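**Q** Below, each chain spelled out in residue letters.
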Amino acid sequence: MTQPLLEVKDLTIDVHTPRGILTAVSEISFDIAPGETVCLVGESGSGKTIASKAIMRLTDYENGSIAGGSITLGDTPIESLPQSVMRDLRGRRVAMIFQEPMAAFDPVFTIGSQIVETMQAHRRGKKSTFWKEGVELLRRVGIPEPELRMKQVAGELSGGMLQRAMIAMALSGGPELLIADEPTTALDVTIQAQILELLNELKSSLNMSILLITHDLGVAAQMADRIVVLYAGRVAEQGPATDVLGSPRHPYTIGLLNSIATLDSRRGERLRAIEGSPPGLAEMPEGCRFHPRCAFATDKCRESVPPLSEKDNNRSAACWHADEAAAVAAATHAELTPARHLSPVPDAPPSGMLHPAASRQSISSIHEAPVKEESLSGSHPLLQAEHLKKHYPLGGGWGRAKRNLRAVDGVSLSIAEGETFGLVGESGSGKSTLGRLLLQLEPQTGGRVLYRGDELSIKDKTHWRESRRDLQIIHQDPYGTVDPRWSIGEIIAEPLSVHTELNQAQRLDRVSELLEQVGLKASWQNRYPHEFSGGQRQRIGIARAIAVNPKFILADEAVSALDVSVQAQIVNLLQDLQQQLGLTSVFIAHGLQVVRHISDRIGVMYLGKLVETAPSEELFRRPAHPYTRALLSSIPGMSPATPESISVQGEIPSPTNPPPGCRFHTRCPMATDLCRNVEPAFATVGARHEAACHYPL
Amino acid sequence: MKTSAGAARRGAWRGRTGLGQAENAIRSGKRLRLASSDIPIGLAGIAIVFLVLCALFPSWIAPYSPTDMNTAAILQAPSAAHLFGTDYFGRDVFSLIVHGTKDSLLIGASSVIVGVLIGAALGSIAGYVGGKLDTVIMRVMDVLLTVPGILLALTIAAALGPGLRNIVLAIAISSVPGYARVMRGQIMAIRGRGYVFASRAIGAKPSFILTKHVLPNSAAPLLVMATLGLGSSILAGAGLSFLGLGVLKEIPDWGALLSQGRGYLTVAWWICTFPGLAITLFVLSINLIGDRWRDAVDPKRKGRT
Chain A
1 MTQPLLEVKD LTIDVHTPRG ILTAVSEISF DIAPGETVCL VGESGSGKTI ASKAIMRLTD
61 YENGSIAGGS ITLGDTPIES LPQSVMRDLR GRRVAMIFQE PMAAFDPVFT IGSQIVETMQ
121 AHRRGKKSTF WKEGVELLRR VGIPEPELRM KQVAGELSGG MLQRAMIAMA LSGGPELLIA
181 DEPTTALDVT IQAQILELLN ELKSSLNMSI LLITHDLGVA AQMADRIVVL YAGRVAEQGP
241 ATDVLGSPRH PYTIGLLNSI ATLDSRRGER LRAIEGSPPG LAEMPEGCRF HPRCAFATDK
301 CRESVPPLSE KDNNRSAACW HADEAAAVAA ATHAELTPAR HLSPVPDAPP SGMLHPAASR
361 QSISSIHEAP VKEESLSGSH PLLQAEHLKK HYPLGGGWGR AKRNLRAVDG VSLSIAEGET
421 FGLVGESGSG KSTLGRLLLQ LEPQTGGRVL YRGDELSIKD KTHWRESRRD LQIIHQDPYG
481 TVDPRWSIGE IIAEPLSVHT ELNQAQRLDR VSELLEQVGL KASWQNRYPH EFSGGQRQRI
541 GIARAIAVNP KFILADEAVS ALDVSVQAQI VNLLQDLQQQ LGLTSVFIAH GLQVVRHISD
601 RIGVMYLGKL VETAPSEELF RRPAHPYTRA LLSSIPGMSP ATPESISVQG EIPSPTNPPP
661 GCRFHTRCPM ATDLCRNVEP AFATVGARHE AACHYPL
Chain B
1 MKTSAGAARR GAWRGRTGLG QAENAIRSGK RLRLASSDIP IGLAGIAIVF LVLCALFPSW
61 IAPYSPTDMN TAAILQAPSA AHLFGTDYFG RDVFSLIVHG TKDSLLIGAS SVIVGVLIGA
121 ALGSIAGYVG GKLDTVIMRV MDVLLTVPGI LLALTIAAAL GPGLRNIVLA IAISSVPGYA
181 RVMRGQIMAI RGRGYVFASR AIGAKPSFIL TKHVLPNSAA PLLVMATLGL GSSILAGAGL
241 SFLGLGVLKE IPDWGALLSQ GRGYLTVAWW ICTFPGLAIT LFVLSINLIG DRWRDAVDPK
301 RKGRT
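Residue numbers (the UniProt record's numbering), protein chains in the order written: chain A, 1 to 697; chain B, 1 to 305.
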C-alpha cells in the first residue's frame, strides 16, 4: 500500500460545554491515499463534521480539543502543531468547503477580493496577478463570465455558483486534500449532480484527495473510493465503497441501506427503518453504541465496546456479530432477482430487524397497492385546481419597476379520493406555494380550487374554517410549527378544541389514542416539544394533523429535515395512516425516491408550471418531459432509470422573468425554435400520463 | 501488535477522561451551582419582603415617628441611636425611609401596571391588526416618544394637578410608547412563527390565536422591561415630587427625600445616600427576581437542564 496522504489514528475529540466535557468522537481511525476519495457517512450527531474540522484543527476554536490519537498529513503530525503553523497548512495543503456557501462568503466583500485574500495569505505576489489567477480559477470550476463574477458579492450569485466559487477559492492554494463538508446538501438535485461531477473531474485532473462528508448514501456511492461509516462518534464500518455498500457487515450500515427508498423498492411496501434515533452526546449507551437500535444485540454488546476488527481486503467493522449480520444480509441478498443498484435490500426482511409494527403491515400493503391504483381511476376528484395562479408583487417604488414573482402560473390538476399525489421540482418551482393554494392558506391571484366539486376560497371565512376539519397539513419544520409553551398534549388537542365539542376528559382520551397511533407513549402528553427528537416531533405534527379525522393531508417536505433512518420510520407511519384512515394526500418533497415510494401519481413542477403528471411507476420508467428525465438522471448514486440520461446545465431561471415559450428551453438539450417561441400544451401522452412538451420522449 | 497498542492507549485515555469528569463534577457540581446562583435570589427575596413589610406596617419597623423633630440632634451622622443619621430637622432618616416606602412602591408599581396594560394593548393591536391602524397608533407613539419621558410626565402632572392618582397617571402615560413599541415588535415576530401559521391552518379563529399563541409568547420581554420600568417609575415619581407635583404630605417618599437632601450633600451625605440605596436595593432585587421568573416560565429551561 502506498504511503497515505492523511492518517487519522485513534482520534478522540472532547467538546467543552457548560454541562461539562462531552466526547464527540472516540478513537476513530482512517486514512486517505493520494488521489483517493473517502466518504465519511453518518447521521446527525455521528461526529463526522467535528472529525473533519479536527483535521483542519478548527475544533480549537469551537470549544473542542483533541484529547487523544494522532492526525498525520504526509509526514507532519497535525494534532499538536501550534495554530501559527497550522495557519500556513490551511488552504495550502488542506482546504475545506462547507454546506452553506451563502454563509461561508463574507457578504460585503466581492468574491474576487476574498479569493485574492486567500492567495495573499500564502504567497507573495502582485494583486493583479492574483486577480487574473482568480478569474482563471472561476473559469476552471465552470462559472460563466468569471471576470464579472469576481466583482460581485455573495448575494448576487446563486447557491450553485457560490459553491463553485467556494471550490475555486479552495483550489487557490493548490491543496493536496480537499475536505468537503456536505457540499451539496443545501443545493437542488440537478445542481448537486453538477457539483459532484465537478469535484470528480477536479480530483482526477489535479490528483487531489477528497474527504467528503455526507449523510446521503447515494452521494457516497457515486463519489467514494472508500467509505467510513460513523455512528455516535465511533467508526461502525469501513472499507472500499463497493464492498461496504454491496455487502455491509455492520448492522447499522445494513439498516441504513435498508431504510432508503431506492428506485427499485416496491411502492407501497414498507421501508425497513431502524428503530429509535441516534443518541445525543450526553447520553451515549454503554458498550456498542448501536445496541439499543440493533436486532443482533446481545449482552456482550451491552457490556463491551466491539473493536474495529480488520477483515480481508482492507475492510473492518466494529461489531461482535459482524459475520452473523453479514450472513443474514447476504442470504437475503441472494434471493434478489436483478441486483439493486445501490443497496442489497432484501425482499424478505431479515428476521428481527424490524419494528414489530412493521411486519404486521408490510404484507397487506404490498398486495393492496395495485388494487388501489385500479380503483382510483374511477373515483371522484376530491380536490381540483383550475388554472391556479399566484403572483407575488415585488419591488416597486424608488424608481424601480414593479415586477411579479410568478410562483404558480396556471396549474390545473385533479386529485382523486384516496389518492396520494406527489409533487416534485427544484426550489423555486412553486411546489410549496401550490400546496398552500390547494388548501387555500393564501388567496390565489387567478383560477380556483374545488373541494368535492364546490369552490373553496379563503375569502368565504365560515365555510373556509369548517373546511379545515377535512383539510390538514403536516409541516416541514416539526419544531417551529408547535408552540414551545404548549405541552404536546395541548398541541395535539388544538384541532380538537377548535373543531369539536369534546370535553376535557374526552380530549385526553383522544390525545392518548393519537399518541399511540403515531408510535409515541400516551403518558408523554405533559412533556414539551423541546424534549423530543426530530423524528418524534414530526410524529407529534402528524398526530395533530390526523386528530380530527381529516379527509385530506398536505405533507409539505414532511420528511426532508430528518435523518435517513428516521425518515424511513416517518414514511412508514404516513403510509400506514393513509391506509388506515383512507386519506387523500399531496406529498411535497425534493427527494425523488421518497416521493416515488409513497405516491400513486406524481406531478413535476418547473417554474410555476406543471410539466408532467403520471402514475409513479410510469413516470420513473418512461418520463416524457426532458426535465423529468433530467431530474431522474441527477439522483446521485443510482444508475439512471432510463438508458438515455439527460444532464441539465445551468440553473432554474428567476420566476420574476420566466423564459418565453417552453420555460425549460433554456436548459433543455433538445430545445428548438418552436420551444423558444410557443408554449407547449399540457397534453396526454399515455394512460393517465400528461406532459407539456412539444417533443415528448 | 497494532490492536494491543490501541488498547493500551485506549485504557490510558479512558483513565484521563474519568479524571476529567470527576474534576468537572467537583467544579460545577449540583450543590455548588445551586448555591452560587440561588444566594442572590434569596437575598433579593428577603429584601423585597422587607420592603413590602415596610410599606404595610411602617410603624412596626421604624424606631421613631417620621414627624418627630429632634432639634437637639440635627444633621447627625449615622450612629447606634440613628442608624442612618438625622436630617436638617432632626428627623431619623431610617424612619423616614421606612415610612416613605409605601408611597414609593405604590407610585412605582401602579404606574408600571397602568403603563404596561395600555402599552401592551396598543402595541398588540398595532402589531396584530397592522395596516392603517398600526400606522396611526405608532405615529402617535412616535410623537409621544419625541418628548422626553420626564418632561411628558411633568406636563401631564402639571395639567392634572398634584396628587397620587395624577402622578401615577402621568408616569404611566409617559412610559406607554416604550411598552407599545416593544410589544408591537414582539407580536409581529411571533405572528410570523410557524406555530401561528399551523394554528391558522388548523382553522383556529384569530382571537384564539392571539390569546393562546401570540400573547403568551410575546409577553416575556415586556415582563423584563416592566421590572426595569419599576425602578425608573420610582425615580420619575421622585422627580415630580421634587418639583412639587408629587404627593404633598408631611411624610416624603424616597424621591422627595433624595431631592430634599441634595442641598446638604457636602455636609450630610447620609440624607441622600440612604434613600438612594433603598431605591437601588429595590430595583436590583426586582430585576434579579424578574430574570429568574422569566427563565422559570421559559419551557425550554424546564425539564432537562
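A hint or two may mislead.
Heads up, simulated SDA-like pairs for lysine to any residue below, C-alpha to C-alpha not over 25 Å straight-line [as the list claims (entries may be wrong)]:
1. 205(B) <-> 435(A)
2. 551(A) <-> 527(A)
3. 205(B) <-> 508(A)
4. 459(A) <-> 194(B)
Residues of chain A clear of chain B, computed beta-carbon distances all greater than 10 Å [claimed, not checked]:
5. 181
6. 384
7. 405
8. 469
9. 475
10. 480
11. 484
12. 494
13. 495
Don't read these hints as lab results, they were simulated from the structure.
Keep in mind the model is a prediction, meaning the values are calculated, not measured.
The beta carbon of each residue, even a glycine, is placed where N, CA and C say it ideally should be.
**Q** If any of the earlier hints don't hold here, list their numbers in rising order.
**A** Violated hints: 2, 8, 9, 10, 11, 12, 13; rest satisfied.
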